[in-house]
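Make the full structure from the sequences, and use the hints.
Chains A and B supply the protein sequences, listed in that same order. With the working numbering, you'll find the first sequence wraps up at 409, consecutive numbering, no jumps. With the working numbering, you'll find the second sequence wraps up at 295, consecutive numbering, no jumps.
Derived by calculation from the structure, the hints in this document are not laboratory data. Careful, some of the hints might be misleading.
[As the list claims (entries may be wrong)] Below, a sample of chain B positions facing chain A; criterion: calculated Cβ distance under 7 Å:
#, residue
1, 75
2, 82
3, 86
4, 97
5, 111
6, 189
7, 200
8, 216
9, 220
10, 273
In this text, a Cβ means the ideal position worked out from N, Cα and C, and glycines have one as well.
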Amino acid sequence: MLELLPDPVLLVRAGGAHASEIAYANQAARELFRIELSGAPLGAALRQPQVLEAIEEALASDAAVEVAFETIGVQPRYWRAFVRPLDGGATQRDLVLMLRDETDARRTERMRADFLANASHELRTPLASLAGFVETLRTHAKDDPVARDRFLGIMAEQAGRMARLIDDLLSLSRIEMNEHIAPEGVVDFGQVAQDVVEAIRPLSRERGVAVTVRSWAGQLSVAGDRDQLVQVVQNLVENAVKYSAAGGAVTVELARVGALDEARAAVGRPRWVALSLLSPDVAAHQGYVTMRVSDHGSGLARQHLPRLSERFYRVGGQKSGGTGLGLAIVKHIVNRHRGGLVVESAEGEGATFTVYLPAA
Amino acid sequence: MAQTRPRGSYAAELRALVAEVIRMGGLAEAQVVDAVDAVVRRDVPLAQALIVRDLRLDAMQADIERRALALIAAHDPSDEDLRQAVSTLKLAMNLERCGDLARNIAKRSLVLSGSDPVLSLMGAIQRMGRLVAARLHEVLNAYAMQEMDAAMAVWRRDEEVDEHYESIFRELLTLMAERPDTVAPGAHLLFIAKNLERIGDHATNIAEVLHFQITGEALDQARPKVSLLDAPPPVAAAP
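Below, the structure is given as structure tokens:
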């Protein structure tokens, strides 16, 4: 019955001298910690000081104890542990530990605050610009139809920019809400790539950039949410097109590899620097589907690479008209899909973004 | 020197010692996470509590050292048994250093809290801090489960931390050059970023310790390292 509970449950055998061992872990716990827990030392899964203290307190007072803690990682999660000792002999004491995920509540709070901060900060400039033009149209340009047309055009642009910004911010918020819940469907990633490249043909044609898709394997299924994966491919390919000069080429290469190391391996060109923007937890016997989006545009200087997926981070002087959230969205979706993201670039030569996702 | 106690007792004592090292690891990780939070959130009580808690790390290291030496002296182990005991010493040392670095970060966060925040760097510091804490966490998981592959995965990715450090370093130099009023807090942030980079190095050290413990061989490859200091000097323009 414990096996079926949605919350992680551990049965801990407290040996003397703090050498506690995990006697049993239910499925939810095995999925959370992703290691073979039975027989493992407790510290392999839980060693937060407050958790260990709660266990000691529970044993000493022979009463249930609860404690809040955080799991460490690039994406921390917030938990509440309920510790309860079981009746036992003098030398061997058993405890039951149940964990409840409180990440949602904590993150919602933080996300609301972030969203408000981001929105107000980024909307200020286009809004000020709009207000400025309104003022000009009411005064200096009141009777100037040519100026009026031009200014109204710019105002429409600014309004469009603000709308896209809000869309992207809401998109990002929605993605973050579910980020810690792995997607359930199976998606043909090769098909997604083809569909997206087809869909952005108007843009690539307008820019005079040729986009080609090359697939090195037949079966490219991944565990995932189709709409979100479409967004990933779209953001990366659109970026590549926007940063390419007219007459340039963007290639999208798909492949299937057997191991994590292969998936995150850089192409390794001289003078090119590679940096992992996102690395998933290591999972045994997991194959990956990889997608490499390469352009031959102006490339990125080394110092910009670690900050690329930061919201609103723009490499100085670049004005692509984007919202500054494209890569942040890609990163959060890939994270939800338990995949990884690598960027490689050399200034003046171009950039390659590699996404790898667990194969289904 | 013949063993003076039955073999079973050595295994039990070693297990207790390893558990103590893992417990120390948990405290060290928490200190690193808290130190970064203290900087980013300007959390004075958190920083102060952290500084006090560092004494426990020092005490744990001294205790592990005493017990490991006593264990070795009493049982005269060899080969893997000896390496396992020595590993506890090395880990305790590395973890105590991580604690010192976290305490230093916390002290600097107290100074930073007294002046205007350098908002533009907080995102980068938090990201680097989380990355470093994650590396330390992963390598300690590897140690607890005696899993070399997991440890090697951490060892190979040391450069990621370095790239973050170099990026923050450059940005701070630019910022301080443009705005002299940021030099004082900027200097502290440089040290904080450097401390985080060194914590990352300790995580890589621990991976090397585990590798030696399991295989009996030191890693013969050079650790992947990235540094502006290693970049080729700029080519002088032709006259």
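A quick look at each hint next to the structure:
Proximity of residue 75(B) to chain A holds as hinted, the smallest CB-CB distance being about 4 Å (cut-off 7 Å). Taking 7 Å as the C-beta contact cut-off toward chain A, the hint placing residue 82(B) at the interface holds, the least distance being around 3 Å. A least Cβ separation of about 6 Å between residue 86(B) and chain A falls short of the 7 Å threshold, and the interface hint therefore holds. Residue-level restraint check for residue 97(B) is violated (minimum Cβ-Cβ distance to chain A is 11 Å; threshold 7 Å).
With 7 Å as the threshold, the beta carbon of residue 111(B) stays out of range of chain A, its nearest partner Cβ sitting at about 13 Å, so the hint is violated. Nearest Cβ of chain A to the Cβ of residue 189(B): about 5 Å, under the 7 Å cut. The hint holds. About 4 Å separates the beta-carbon of residue 200(B) from the nearest beta-carbon of chain A, less than 7 Å, and the hint is met. The interface hint given for residue 216(B) is met, as the beta carbon of that residue sits about 6 Å from the closest beta carbon of chain A, less than 7 Å.
This hint holds: residue 220(B) has a C-beta 5 Å from the nearest C-beta of chain A, less than the 7 Å allowed. A least Cβ separation of about 21 Å between residue 273(B) and chain A goes past the 7 Å threshold, and the interface hint is therefore violated.
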